[in-house]
Amino acid sequence: MINLAIFVSGGGSNCENLINYFKGSDYVCCALVVSNKADAYALVRARNHGVPTAITPKAELNDAKVMMPLLEKYDIDFIVLAGFLPLVPDFLIEAFPRRIINIHPALLPKYGGKGMWGHHVHEAVKAAGETETGMTVHYVTPICDSGEIIAQYKTQLSPTDSVDDIAEKEHLLEMEYYPKVVEQVLKSTF
Numbered sequence: 001m002i003n004l005a006i007f008v009s010g011g012g013s014n015c016e017n018l019i020n021y022f023k024g025s026d027y028v029c030c031a032l033v034v035s036n037k038a039d040a041y042a043l044v045r046a047r048n049h050g051v052p053t054a055i056t057p058k059a060e061l062n063d064a065k066v067m068m069p070l071l072e073k074y075d076i077d078f079i080v081l082a083g084f085l086p087l088v089p090d091f092l093i094e095a096f097p098r099r100i101i102n103i104h105p106a107l108l109p110k111y112g113g114k115g116m117w118g119h120h121v122h123e124a125v126k127a128a129g130e131t132e133t134g135m136t137v138h139y140v141t142p143i144c145d146s147g148e149i150i151a152q153y154k155t156q157l158s159p160t161d162s163v164d165d166i167a168e169k170e171h172l173l174e175m176e177y178y179p180k181v182v183e184q185v186l187k188s189t190f
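Numbering (our numbering), first residue to last: 1 to 190.
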């Protein structure tokens, strides 16, 4: 059994989608949901599915003496970021080489890096007059949004699309493809 930890910061629609996708799997278990925010609705979603949760504010997230025992307690094999905003500390990247992946709401390398998350990305896509956007799944490295790209999915935009329209189109791609990409990565890794 491969034990996943899902790291979140917000509402948790991708987190819940992953939990539902792997529910009943005989080889993948969503074993833990970790959030840097105590009020992240993703924690409620996880608890509603019986998935254990942990809150790790920035100081704890960046403390190997806190994070490593937590991940060991749940026998975590792989980490999936699902709307997790802080940078992943180097010690976790070293402990889980090519076993931490992230989803980004744009076609990297465009619109990535510090401060480029959520609506900030969609606003930049709109302001640039892009005719398409999409989602990127990539490996996590010490440099924000710079890891090797695993998969990208695109959606067309029209000049009349609002920022909210762009966000919704991109989010539909996340819901359809992120669990499948996670599954493919797990099958190729383990």
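Keep in mind that the hints are not guaranteed to be accurate.
In silico DSSO-like links for lysine-lysine, alpha-carbon gap of 27 Å or less [to be verified]:
hint, residue 1, residue 2
1, K73, K110
2, K110, K154
3, K180, K154
4, K37, K23
5, K23, K65
6, K169, K154
7, K126, K110
8, K154, K114
9, K169, K126
10, K114, K126
Don't read these hints as lab results, they were simulated from the structure.
Now for the hints, and whether the structure bears them out:
no.: 1; hint: K73 to K110; verdict: 38 Å, violated
no.: 2; hint: K110 to K154; verdict: 13 Å, holds
no.: 3; hint: K180 to K154; verdict: 15 Å, holds
no.: 4; hint: K37 to K23; verdict: 25 Å, holds
no.: 5; hint: K23 to K65; verdict: 31 Å, violated
no.: 6; hint: K169 to K154; verdict: 9 Å, holds
no.: 7; hint: K126 to K110; verdict: 13 Å, holds
no.: 8; hint: K154 to K114; verdict: 22 Å, holds
no.: 9; hint: K169 to K126; verdict: 13 Å, holds
no.: 10; hint: K114 to K126; verdict: 18 Å, holds
Checked against the numbered hints above, the structure breaks hints 1 and 5 and satisfies the rest.
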